[in-house]
Amino acid sequence: MTAADAPAGRQLVYTLAITEGVRQALQEEPLAFMAGEDVAGAGSVFGIYRGLLAEFGPDRVIDTPISESGIIGLAVGAGATGLKPIVDIMFMDFIGECMDEIVNQLAKMRYMFGGKATLPVTVLTMSGAGMNLAAQHSQSLEAWLCHTPGLKVVMPATAYDVKGAIITAAREPNPVFVVMCKGLMALPGDVPEEPYTLPIGKANVIREGDGLTIVAHGRMIHEATKAADILAGEGVSAEVIDPLWLQPLDTDTIINSVAKTHNALVVHEAVRFGGVGAEIAAQIAELAFDSLDAPVGRVAAPFSPVPFSPVLEQTYVPNAERIADEARRILGVG
Amino acid sequence: MASSQASEPSAEVLKDLHYRMVRIRHFEEEAGKLMEQGKSPGALHLYIGEEAVASGVMVHLTDNDQITSTHRGHGHLVAKGGDFKKMYAELFGRETGYNKGRGGSMHISNVDAGMLGANGIVAAGPPIAVGAAFSNKYLARIEGRDRMDVAVPFFGDGATNEGAFHEAANMAAIWKLPVVFICENNGYGEFTPQAEHQAISDVADRAAGYGMPGVICDGMDAVAVWEAAGEAIERARTGGGPTLVECKTYRFVDHVGLRGIGLHYRTDEELEEWRARDPIPQHEQRMIEMGVMTAEEIQAVHDAVMADITESIEFAENSPLPDPADLLNDVYTPTAAS
Amino acid sequence: MARASVFDNQEKRAIVRRTIVGALASGVREFRYMPDTHGITAAAAEEFAGEANFVAVDSVRTASALDTIRAAEALQAEGCGAVVTLGGDGTNRAFALGWPDAPLVPVSTGTNNVFPTMVEATVAGAAAGLVATGQAPLEAVAGQVKAVHVEIEGERDDVALIDAVLAADRFVGSRAIWGGDRLREAVLTRAEPSAVGITSIGGLLAPLTPDEDTALRLSLGPGEGGVSVLAPIAPGLYEPIAVRSHGRIALGEPVHVTGPGVLAFDGERERVLKAGQAATLRVARDGPRVIDVRATLEYAACKGLYRDDEPPDGS
Ligand SMILES: Cc1ncc(C[n+]2csc(CCOP(=O)(O)OP(=O)(O)O)c2C)c(N)n1
Ligand SMILES: [Mg+2]
Numbered sequence: 005m006t007a008a009d010a011p012a013g014r015q016l017v018y019t020l021a022i023t024e025g026v027r028q029a030l031q032e033e034p035l036a037f038m039a040g041e042d043v044a045g046a047g048s049v050f051g052i053y054r055g056l057l058a059e060f061g062p063d064r065v066i067d068t069p070i071s072e073s074g075i076i077g078l079a080v081g082a083g084a085t086g087l088k089p090i091v092d093i094m095f096m097d098f099i100g101e102c103m104d105e106i107v108n109q110l111a112k113m114r115y116m117f118g119g120k121a122t123l124p125v126t127v128l129t130m131s132g133a134g135m136n137l138a139a140q141h142s143q144s145l146e147a148w149l150c151h152t153p154g155l156k157v158v159m160p161a162t163a164y165d166v167k168g169a170i171i172t173a174a175r176e177p178n179p180v181f182v183v184m185c186k187g188l189m190a191l192p193g194d195v196p197e198e199p200y201t202l203p204i205g206k207a208n209v210i211r212e213g214d215g216l217t218i219v220a221h222g223r224m225i226h227e228a229t230k231a232a233d234i235l236a237g238e239g240v241s242a243e244v245i246d247p248l249w250l251q252p253l254d255t256d257t258i259i260n261s262v263a264k265t266h267n268a269l270v271v272h273e274a275v276r277f278g279g280v281g282a283e284i285a286a287q288i289a290e291l292a293f294d295s296l297d298a299p300v301g302r303v304a305a306p307f308s309p310v311p312f313s314p315v316l317e318q319t320y321v322p323n324a325e326r327i328a329d330e331a332r333r334i335l336g337v338g
Numbered sequence: 032m033a034s035s036q037a038s039e040p041s042a043e044v045l046k047d048l049h050y051r052m053v054r055i056r057h058f059e060e061e062a063g064k065l066m067e068q069g070k071s072p073g074a075l076h077l078y079i080g081e082e083a084v085a086s087g088v089m090v091h092l093t094d095n096d097q098i099t100s101t102h103r104g105h106g107h108l109v110a111k112g113g114d115f116k117k118m119y120a121e122l123f124g125r126e127t128g129y130n131k132g133r134g135g136s137m138h139i140s141n142v143d144a145g146m147l148g149a150n151g152i153v154a155a156g157p158p159i160a161v162g163a164a165f166s167n168k169y170l171a172r173i174e175g176r177d178r179m180d181v182a183v184p185f186f187g188d189g190a191t192n193e194g195a196f197h198e199a200a201n202m203a204a205i206w207k208l209p210v211v212f213i214c215e216n217n218g219y220g221e222f223t224p225q226a227e228h229q230a231i232s233d234v235a236d237r238a239a240g241y242g243m244p245g246v247i248c249d250g251m252d253a254v255a256v257w258e259a260a261g262e263a264i265e266r267a268r269t270g271g272g273p274t275l276v277e278c279k280t281y282r283f284v285d286h287v288g289l290r291g292i293g294l295h296y297r298t299d300e301e302l303e304e305w306r307a308r309d310p311i312p313q314h315e316q317r318m319i320e321m322g323v324m325t326a327e328e329i330q331a332v333h334d335a336v337m338a339d340i341t342e343s344i345e346f347a348e349n350s351p352l353p354d355p356a357d358l359l360n361d362v363y364t365p366t367a368a369s
Numbered sequence: 004m005a006r007a008s009v010f011d012n013q014e015k016r017a018i019v020r021r022t023i024v025g026a027l028a029s030g031v032r033e034f035r036y037m038p039d040t041h042g043i044t045a046a047a048a049e050e051f052a053g054e055a056n057f058v059a060v061d062s063v064r065t066a067s068a069l070d071t072i073r074a075a076e077a078l079q080a081e082g083c084g085a086v087v088t089l090g091g092d093g094t095n096r097a098f099a100l101g102w103p104d105a106p107l108v109p110v111s112t113g114t115n116n117v118f119p120t121m122v123e124a125t126v127a128g129a130a131a132g133l134v135a136t137g138q139a140p141l142e143a144v145a146g147q148v149k150a151v152h153v154e155i156e157g158e159r160d161d162v163a164l165i166d167a168v169l170a171a172d173r174f175v176g177s178r179a180i181w182g183g184d185r186l187r188e189a190v191l192t193r194a195e196p197s198a199v200g201i202t203s204i205g206g207l208l209a210p211l212t213p214d215e216d217t218a219l220r221l222s223l224g225p226g227e228g229g230v231s232v233l234a235p236i237a238p239g240l241y242e243p244i245a246v247r248s249h250g251r252i253a254l255g256e257p258v259h260v261t262g263p264g265v266l267a268f269d270g271e272r273e274r275v276l277k278a279g280q281a282a283t284l285r286v287a288r289d290g291p292r293v294i295d296v297r298a299t300l301e302y303a304a305c306k307g308l309y310r311d312d313e314p315p316d317g318s
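Chains as they are written, first to last, in my numbering: chain G, 5 to 338; chain E, 32 to 369; chain P, 4 to 318.
Hints are computed from structural coordinates only; laboratory data are not their basis.
Take the hints with a grain of salt, since some may be wrong.
To be verified - Sample of chain E residues at the chain G side, in silico, Cβ under 8 angstroms:
| no. | residue |
| --- | --- |
| 1 | 65 |
| 2 | 68 |
| 3 | 72 |
| 4 | 124 |
| 5 | 127 |
| 6 | 135 |
| 7 | 220 |
| 8 | 226 |
| 9 | 227 |
| 10 | 231 |
| 11 | 284 |
| 12 | 285 |
| 13 | 289 |
| 14 | 293 |
Said to hold, decoys possible - Keeping only pairs whose Cα atoms sit at most 25 angstroms apart, straight-line, the calculated SDA-like set for lysine to any residue is:
| no. | chain 1 | residue 1 | chain 2 | residue 2 |
| --- | --- | --- | --- | --- |
| 15 | P | 277 | E | 318 |
| 16 | P | 277 | E | 224 |
| 17 | P | 277 | E | 294 |
| 18 | E | 64 | E | 342 |
| 19 | E | 64 | E | 294 |
| 20 | E | 168 | E | 93 |
| 21 | E | 207 | P | 240 |
| 22 | P | 277 | E | 93 |
The beta-carbon is built from N, C-alpha and C at its ideal position, and this holds for glycine as well.
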């Protein structure tokens, strides 16, 4: 089921879709628990877990100390011994605190143990800039995770996808990072009431077109869609693809689109150098070189930490205008 | 335990403690209002209620001594002599701010005066302070000085649950570095009470695990902090190694901003009991009784600070914004041409 | 300033547990306790919930002495027959403010205490239990101690259990007593040569036991005809203390002091006296009734209180 097929009906904002996803994951799996900093009593600083403590009690919805290594370690140990941990790392920036647990333990344990361990772990974390929270509360670090064999990474940018991603992750026998977007917290969308999953590794084609493929993830799909609107007014038909899953990546959908449009533009909020977009561009160059009319374009953040000052942050974060500009440059129009 | 410190605070010290506390209080109250009016972007973690801690410690430090701060960092910078103009300008994201608008509240710094930054990462400060103290000891050795500069990390009760705190404490202790760990125990990490985030009541107990003295003082009394910190700082300066000083304090406002996100996690009675111990009126009352300052003189201090604030906010509001063309400046230090 | 505690919460919980075991052995079935933020006592109590009834009394949480004072009042109101305190001189002083003549077994949680003693909690609990259940009469096994009553002009009264001293300080600050040259006037309920603190000054000059029905007054600072005593006024600190005069005073006899200065009680600076503000110190034997653990258990032995003449089955 995709957003397009969902019956037009109940609307939920992104934050409440998160809550519902976690609630249903906990309801359907008695071995699932949720832990993180201020997730229980306070229902998270983002308010995304409100009501879960009341519903599931303190044995299943757990406030941890401020100990990110401990939180991921908890998930590794509990996951490897039969539970289904759902843990929260409040701001994605804080994964720096627990990179060993993520990279050397969570991601590799199964492989190192010759397939003898299973790590059904869900990590929820909030990414992204745009709220003037400066260099340590605004980053998009998904590339770090995608570069690590053993992890799956999904970056849902709609209310529908975020709920689906959480339930999918919770049912998945592998570690999955659900990288949420704080800039989208108030975004409403159709969200079915019953639990549902997303196909792992399947991209969303947000909008069809035949003149240019824009591949964007996270909050940037909304900017890319706006850019596509602008371009449509100029007679350019852009196809917008949200890979949604960055690991594993839906290469086929992207390549098929480029085969049709002959032009590709990759967009994300993370820094451009070494970003997920670099991988996507490389795959297009490898697999669809003959289809391309122009080199693959990229729009992403410049190579600096996220600045605090709103004027700088606005310059820093890509937007529809910049995407449209880059599209025009690739197409040699305007 | 008796102190090695020679004397009780002079009238000058008492006035200095007061001045620093009053500057913090007014700076923060105005900053909080500006945030709630939407004039100060981002999130501000205010220091209101905890002024005695930063002030009591900072009176002992010079610009050569370093501090590391927290997300709740304005108070530390103000107490270390922060200039309101540069501070408000930073909160407003202006080019004239301490960090040229690049850092904002959570990274506000003044490296020239040894203020190595507020920090958005809980417990990031202690290891950095250990590095600064290592440097202080190293430089004192090669320069043949027997008194060292001291590095003082400030951190909360919640921060002592991060591995970084423990690693720093251990390194400081084994190398006898001139570090004074100042724990601002305000009873909560965000919305979680201390009893739910650690199984000890006194953070100072953690000192024993690293082989350094742990002391507790009343963080609502600037003189108590001044005494406790003074003794520890003097010991650190003269090669006696680190100390963990726990200051029992309280934040009068919410975790973020003045009113926060409206969660009810502290009782009104608790708030009232701590507010009754507000460090500023308590200190003022005492100075009046001792004849150190008159009520009029105290009022004049408040007025002067408020005037400075008004002028500084105006300065900040009229300051230029950073030029987006400069976005990539300062990512790296330019490499010297060979 | 206060040192980090000597006993961590884990150890305190073990002590509470042992106290309960002792009290249960003496037949106590009703327990009242002061709740603490970390649920130390509650956790221990939970373990024994099947064997006795445990109820926490109302208390406040201010991270100050007020918490103990309120709890003491509440425990008295509950009609407790004996109380085990776990802490140092400061804890017991606060307790005495709330319940002045409480029947107490003060168990020390540090080495630097004069009032509470280092006693194994199991037998401390047993002794408290024997008194609480009326098996050992309080009058037979406890002695009421002296206390210094402090009246401060225009402010609430205070109390000290060992010594009250006026120092030429101006701040409570970090509480520890400063150098000995600032001490001015002291009133002691006991003068112990082997203790640490102000009491040792008297102790090294003119010892006074807790049992004697007098108090000791010291006028401190240099002066005609004075002496100097090298005394351990704080742990790790021997200082020559100038004593102008010293002498026994009768119970009830007032000692008047005037500010400015700071009054320290049992080794900690507590109250600030403003310039010209008067305070009166007076010793009376109306403090806590301290249960002698050894005497209580000797009494139990004499009476065969723990003895059962029916040997267990099969022996
Ligand atoms: C590594 C890290 N984890 C979590 C956070 C989110 N956070 C910000 S402040 C805070 C509470 C800190 O508590 P404490 O150390 O007691 O300081 P206080 O806010 O009480 O001054 C938390 C969890 C963070 N900024 N960094
Ligand atoms: Mg705190």
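Going through the hints against the structure:
With 8 angstroms as the threshold, the beta carbon of residue 65(E) stays out of range of chain G, its nearest partner Cβ sitting at about 13 angstroms, so the hint is violated. For residue 68(E), the shortest C-beta to C-beta distance to chain G is roughly 15 angstroms, which exceeds 8 angstroms, and the interface hint is violated. For the restraint placing residue 72(E) at the interface with chain G, the shortest Cβ-Cβ distance is roughly 4 angstroms, inside the 8 angstroms limit, so the hint holds. The interface hint given for residue 124(E) holds, since its Cβ lies 3 angstroms from the closest Cβ of chain G, which is under the 8 angstroms cut-off.
At its closest, the beta carbon of residue 127(E) sits 11 angstroms from a beta carbon of chain G; the interface hint therefore is violated under the 8 angstroms criterion. Contact between residue 135(E) and chain G, as hinted, is supported at the beta carbon level, the nearest pair being about 3 angstroms apart and thus within 8 angstroms. Annotation: interface hint on residue 220(E) holds; nearest CB of chain G at approximately 5 angstroms, less than 8 angstroms. For the restraint placing residue 226(E) at the interface with chain G, the shortest Cβ-Cβ distance is roughly 12 angstroms, beyond the 8 angstroms limit, so the hint is violated.
Interface hint at residue 227(E): satisfied, since its Cβ lies 6 angstroms from the closest Cβ of chain G, which is below the 8 angstroms cut-off. Of the supplied interface hints, the one on residue 231(E) is violated, with its beta-carbon coming no nearer than about 12 angstroms to a beta-carbon of chain G, more than 8 angstroms. Hint status for residue 284(E) relative to chain G: violated, with the closest Cβ pair at about 16 angstroms, above 8 angstroms. Interface restraint check: residue 285(E) against chain G, minimum CB-CB distance 11 angstroms, threshold 8 angstroms, status violated.
For residue 289(E), the suggested interface contact is broken, since its CB lies about 17 angstroms from the closest CB of chain G, more than 8 angstroms. Given hint, residue 293(E) at the interface with chain G, is violated; its Cβ is 10 angstroms from that chain's nearest Cβ, farther than 8 angstroms. For the hint pairing residue 277(P) with residue 318(E), the CA-to-CA distance comes to about 11 angstroms; that is within 25 angstroms, so the pair holds. For a cut-off of 25 angstroms, the pair hint linking residue 277(P) to residue 224(E) is broken: about 37 angstroms separates their Cα positions.
Straight-line distance between C-alpha atoms of residue 277(P) and residue 294(E) comes to about 42 angstroms, which puts the hinted pair past the 25 angstroms bound. A hinted pair counts as satisfied when its Cα atoms are at most 25 angstroms apart, and residue 64(E) with residue 342(E) qualifies at roughly 16 angstroms. Our distance criterion of 25 angstroms between C-alpha atoms is met by residue 64(E) and residue 294(E), whose separation comes to about 19 angstroms. For the proposed pair residue 168(E) and residue 93(E), the alpha carbon gap of about 16 angstroms is at most 25 angstroms, so the pair holds.
The straight-line distance between the Cα atoms of residue 207(E) and residue 240(P) is roughly 23 angstroms, inside the 25 angstroms bound, and the hint therefore holds. A C-alpha spacing of about 33 angstroms is found between residue 277(P) and residue 93(E), which places the hinted pair above 25 angstroms, so the restraint is violated.
The structure shown violates the earlier hints numbered 1, 2, 5, 8, 10, 11, 12, 13, 14, 16, 17 and 22.
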